[in-house]
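With these hints in hand, go ahead and build the complete structure from the sequences.
Number of protein chains: 4
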Amino acid sequence: WASLIFSEEESSPRDKLQRNSKGLADFCIKNIDQADFGRREIEVAQQEMPALMNLRKRAEEEKPLSGAKVVGCTHITAQTAVLIETLVALGAQCRWVACNIFSTQNAVAAAVVEGGVPVFAWKGESEDDFWWCIDRSVCADAWQPNMILDDGGDLTHWIYKKYPSLLKRIRGIVEESVTGVFRLYQLSKAGKLCVPAMNVNDSVTKQKFDNLYCCRESILDGLKRTTDVMFGGKQVLVCGYGEVGKGCCSALKALGAVVYVTEVDPICALQACMDGFRVLKLSEVIRQADMVITCTGNKNVVVREHLDRMKNGCIVCNMGHSNTEIDLVSLHTSELKWERVRPQVDHIIWPDGKRIVLLAEGRLLNLSCSTVPSFVLSITATTQVGERRWANEYVASLHLATFDAHLSELSDDQAKYLGISKNGPFKPSYYRSANTHTHTHTHTHTHTNAGLSNCF
Amino acid sequence: WASLIFSEEESSPRDKLQRNSKGLADFCIKNIDQADFGRREIEVAQQEMPALMNLRKRAEEEKPLSGAKVVGCTHITAQTAVLIETLVALGAQCRWVACNIFSTQNAVAAAVVEGGVPVFAWKGESEDDFWWCIDRSVCADAWQPNMILDDGGDLTHWIYKKYPSLLKRIRGIVEESVTGVFRLYQLSKAGKLCVPAMNVNDSVTKQKFDNLYCCRESILDGLKRTTDVMFGGKQVLVCGYGEVGKGCCSALKALGAVVYVTEVDPICALQACMDGFRVLKLSEVIRQADMVITCTGNKNVVVREHLDRMKNGCIVCNMGHSNTEIDLVSLHTSELKWERVRPQVDHIIWPDGKRIVLLAEGRLLNLSCSTVPSFVLSITATTQVGERRWANEYVASLHLATFDAHLSELSDDQAKYLGISKNGPFKPSYYRSANTHTHTHTHTHTHTNAGLSNCF
Amino acid sequence: WASLIFSEEESSPRDKLQRNSKGLADFCIKNIDQADFGRREIEVAQQEMPALMNLRKRAEEEKPLSGAKVVGCTHITAQTAVLIETLVALGAQCRWVACNIFSTQNAVAAAVVEGGVPVFAWKGESEDDFWWCIDRSVCADAWQPNMILDDGGDLTHWIYKKYPSLLKRIRGIVEESVTGVFRLYQLSKAGKLCVPAMNVNDSVTKQKFDNLYCCRESILDGLKRTTDVMFGGKQVLVCGYGEVGKGCCSALKALGAVVYVTEVDPICALQACMDGFRVLKLSEVIRQADMVITCTGNKNVVVREHLDRMKNGCIVCNMGHSNTEIDLVSLHTSELKWERVRPQVDHIIWPDGKRIVLLAEGRLLNLSCSTVPSFVLSITATTQVGERRWANEYVASLHLATFDAHLSELSDDQAKYLGISKNGPFKPSYYRSANTHTHTHTHTHTHTNAGLSNCF
Amino acid sequence: WASLIFSEEESSPRDKLQRNSKGLADFCIKNIDQADFGRREIEVAQQEMPALMNLRKRAEEEKPLSGAKVVGCTHITAQTAVLIETLVALGAQCRWVACNIFSTQNAVAAAVVEGGVPVFAWKGESEDDFWWCIDRSVCADAWQPNMILDDGGDLTHWIYKKYPSLLKRIRGIVEESVTGVFRLYQLSKAGKLCVPAMNVNDSVTKQKFDNLYCCRESILDGLKRTTDVMFGGKQVLVCGYGEVGKGCCSALKALGAVVYVTEVDPICALQACMDGFRVLKLSEVIRQADMVITCTGNKNVVVREHLDRMKNGCIVCNMGHSNTEIDLVSLHTSELKWERVRPQVDHIIWPDGKRIVLLAEGRLLNLSCSTVPSFVLSITATTQVGERRWANEYVASLHLATFDAHLSELSDDQAKYLGISKNGPFKPSYYRSANTHTHTHTHTHTHTNAGLSNCF
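Which chain is which? The protein sequence lines are F, Z, E and D, in order.
Count along the first sequence from 1, then add 13; that gives the number in our numbering.
Count along the second sequence from 1, then add 13; that gives the number in our numbering.
Count along the third sequence from 1, then add 13; that gives the number in our numbering.
Count along the fourth sequence from 1, then add 13; that gives the number in our numbering.
Please note that a few of the clues may not be correct.
The list cannot tell twin chains apart, which means a pair is met if one copy fits it or any two copies do.
Once the Cα atoms are required to be at most 20 angstroms apart in a straight line, the calculated SDA-like pairs of lysine to any residue come out as [stated by the list, open to error]:
1. Lys136 - Gln31
2. Lys70 - Lys367
3. Lys429 - Ala58
4. Lys312 - Ser434
5. Lys202 - Ser434
Hints were generated in silico from the structure; no laboratory data involved.
See below:
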């Protein structure tokens, strides 16, 4: 099928006029005819997202998001579709656009459109397409967003730059990524952030569940689907031992890889040691690595000098939040030949014939797998405006049913002994930032652990 | 793309006349034009099969398989292609056919044909196509096989039935699967096995590396690609704790699943206990399982009664050697609705709306991932006719370079102390059958641990 | 040897007059003659405590603790001895007493006394002995403490009650345990905490290294030394999935036990699920448990009703911070017979002959193993008064040498990109409380992450 | 207490006349008065040995070992005591002696004597004591053994040398260790083995359960009890990746150690790779190791040259079957100082002050922990004379109750499909030698998988 994809030389979606079965034409996607298949994908995803489905049931009658006009810019996957349709079920109006030119699942986009939500996105957009889609998502006849749900900050940036007048209506920005939070923080420092912003990334649920547990699974999945590599016995170098790095290392070790870690932070380095990983400098192990995975959130972690010293066949990929970790610029030089061997897989060929296998052109490897639970959080705040700590515990409890887990309950006596309420919150107020590995800083205008409904 | 596959209503490959670039027309595959893409897949696979590539280098000049005319019936994957082309490099002439109607990688088949080897196989053959292909692989103008490489016994069966006269030329049968070995054994008991047969399945390398280690990786990969399921916290029931079951359990446990085991054999059951798995009867845990995986080699392990009691959304699949483990017949009844949601994924819908997710229609889940190293073994015997134990050690040593592993060497004194040669074999003669979980029995006519070149 | 211990019917240390080799008589321990043996134990411990040894080297000349008069009340083990002697090396004068009537290593106490530090402690003190020793440690001719290092709050309590006049000289209290912190917090709420107090328990190093990693090792060690139990295949119930519970579960699972978890907190419960543990109520699994381990920090978690339903031979022990988790009072009834089978091991025998194996009478199982790294922290602040976050990172970096770990360094450019200094701190200011599972609350008078030298 | 042991300068047990409570004086042990304490230890051990206790119940009436006169030479531990007393319960008469001068548990020996079985053993025998005890165990008034149960071959050797006339009465030798089996094999090759000998070491149960699973637990226990070392982050070198090495590596890795493996056998080396361990030569990693553990069964694996290059504080111990793996002779030179710091722990001090920590003087580290299940096997054959394969499965099934494991049963149809009986044996006849890593060879006179009752 891959060859089919490659040979598809179709016209751009921007040149096509399509309508969904109810006549809606306000969207731009690959092919509305794929909606049925996309719907099945969404149904599969729903089985894995009980908390959102639960929320729909509990909150549908109240329509707590009634009046919300959400413009969203995220990866467009089956999981996102479940989020979007939950927002709609809760009363919101939505328009959506992709935050990444490659990650859109075309059939899913079709299903969302068929369900009535305008989407502007397809797999394989050009840079120009990307901004055109963002622009289209913001501008609609007789519709102006009052809520932004962003992943990476591009949508927010566009609105600040092109539609500053819209900002006064915006009642909140929910930002997903470290990069986006950092951009907000700089706006804030410059005194330009006039809108309440919520940092999803620092939430407990995001840190603990999305990063650690999702990455544990998605690193294996991402590598297998792209390269079919066997993990057993391979030497893997993981750069960074925050939650993402911990998840990657744990999974790879479990499947028999020999894992090395690089770190700049002594606490994380010591954790890596205690977890059984050798902590070394990149230059010390680069020659022997079969795979190199970046998870630092930093830039230029793997540079040309390292790539020059890697052995033939070494796989290089990025699980961090930005696409800056691998110095790609240094690889676009005349002596190196690029050969695309599969979708998302490039061989970069050195003059002596050495091949480095670069995945997703250095973009985030786990596009489809690790974006879900953080969204869950945003939603949750919907029904929990007041006590934010409690929100986290509520999200967690919504998921326990999936695992048929049975919580114990404190007796009156025990609750008194601990000095807390029988029904929680069980964590102290400063727990919020637990275990975070990021370097972002809170600010009066950036609230964490909150969600859409804090703005309504 | 999946919808593209589904909508492809093309004519049968049997109706098409194709030629490769050198004019060869003696083959039947989906589309010779995909050869370039298939070649890239084969090149990727070669990176993971250093032992075969090594053998090519070492043995190319000697052409030890010169004179061998091999007809092969296996899964047709990039890995098989590396095997076939190694056989050719060693001097053999080959014709190939698929042992499974679904597992053929069309582009790989095209690349092999472009390389000059007749292949008769495509993804999605009908039952009639299947036997037609087998027939075509055996019959060629002025070419008669003297060697069979079979996986499952269908090719051998066909030759016995349709071309008994060919048998006198056959100098050896290499059989891969337990099922095929069992069929050979029955032939042998009936006095009808007049050809030396080699049982690859019982070899140390097959048991230890192919089954245990490959399944450890392929169970995760197979489940993820088909269902995107998250493993963490899921309750999984694994039927059978032989090498395949051990591999599955180990991987699932490592990724945070709660794993239960069923077993009939007390030794395997005790191993499961000591490895940290609860050993229970199927009926005791069936209601709580999120996934059920069969690895017994037995039949009707999961029957309608169990399927009726599974919970909504339960995933059912088979990693065992046969496709008999799940009683599929019982699911083809009028009250149950089947819905194909993705390739290889069916939802079976009960009257009350409950959905069971059946993968690969109960066939082997890990078609593409676990077939490699056993082939490696067959080849190895090529260069090692005499001492079979040694062969296993030789195969192992060929792979050590991949892992940059450095073997220690015995001193003269130490070798003397142990009473063995400095260069091995290191295992006693009875090691052959180590750890096997199968129920097949040796016979004077079925030699194990051997390969093609034992016949030359 | 155990029988030797039992048969020792010696006079009380309080009745003996002993002197060390320099004539010092101001101490009360079991037997000063064991000093040589204790010295060897301390030397062994020093090898495992490189950070403290390092500090001695670095800070010896400066004597930063010069003027400090420390009275300490902790477990008296070889590790504590390394701490005490480091304090002395840094310039402090110390007197020491045990915080637990059973945990004193007599030979170690002798070695410390021989080294010149007055110690008042022996294994097997009575309740009366315990308070007598505390009193003796506080009161000395011409010596008044200006610093308290406490574990559990008994020493602090005694000073508040008996020697309130001393408080005005006290420049700081370092408290180790949750219980002690809670008592300080209540003093503080009542407006009676007139001394700066430092909560070691909430520090990152304590939470991450002492609790998680130490418990991972000490749970196995504690169970083996007392019962020789085999872990493989055993069903173990762990109550509480904070850091201590996580460490216990991880170790037991790794050695093949089937582990169940009870939790009241949904976030911790969800983590347990994702880590592969069934979360159930105590009453659901109590009948099948081979071992029950409490790690909640709560009281009456395991009560008579549970104990009545346990199976014969079930092992019950406590890894939590208090000794209240198992309802011991309910076991001291006439129908139950207690039989001491080894030191720290009691069989409690039901009328029908059922035996429950109770370890350490419900006190903390890992007395000797898990108390070290938290002390390391206290010391560290010695050299780092200013920036507390940094202290944690400094402690971590001191330990990296042990593991021959090589930290990477940020380039100027990377540091700028992250908005942090090249040399750290790498964690945001709110990181302090990471991952804590405790229910204590900060207060203006209780500073965390600090150590002795903050007071000088 | 350790100092108490050291200071005990008592008279030799050989000089003492003792009697048990029934007047028996035919024994020589440390102190009969310790019997009560030893009895409690045996009761604790019984809880962990359900199969033997089960056998007592099932077979007691039949007295299948009636007429057997067993002289045994093994480690004398609580577990051995359970074995001995089971033999007696089954009708045998026994006399026992220690196979190791250090491993005897004195109180257990006392309890066994109090129970009526003559024992000649104590902890800390001299070489002369050792042979004197063996001699005493063989020679008794009006009692001549007809059965030998040996571990290491010393008893057998003594009888061959001193009492050849006894041999004609001996109906069987059960040998436990590789070393002993090798000695028997050499006797056999020389035509001097006139007695049926049973090799317990090669049995499935011994290999799989005793070696792999027991070592997984005992390596941790052995290291902790002697050195209190923390495993997390430590670099450990394991020499040999047979079942013992696999168990050690698995446990150490699970607790966070970085493990390296040396191997001579490519199959084992490849397994180590696939399990995630770097396979290197000893000389490549010796400088960085914190611990070195030998598990090869070979001699002079760690020699002076390696010891010279180890770093300060490196722990060296042996888990293999012989005490030859570490070249101890090379350490008894004048420039090295030995210092005993604890029982079983010597510091060997180099002229520059470097200390190497040698455990158990290079003898087997896990004396008390890993000797049990192999004995279980010997006993089992008691009730299963005919089919040896079945015996293994029977032993396994006896243990399943401990784990509350529920075996599935084959239907008639399934049994027929597999071609086996519904009740087993489930393994093919050649399964016997599964997974063995030893280098011993079978011989017409050495039967494996058999036990005492095969001789009656």
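How the hints compare with the structure:
no.: 1; hint: Lys136 - Gln31; result: within (17 angstroms within a copy, 33 angstroms between copies)
no.: 2; hint: Lys70 - Lys367; result: between (56 angstroms within a copy, 19 angstroms between copies)
no.: 3; hint: Lys429 - Ala58; result: neither (42 angstroms within a copy, 40 angstroms between copies)
no.: 4; hint: Lys312 - Ser434; result: between (45 angstroms within a copy, 15 angstroms between copies)
no.: 5; hint: Lys202 - Ser434; result: between (38 angstroms within a copy, 18 angstroms between copies)
Of the hints listed earlier, the one the structure fails to meet is number 3.
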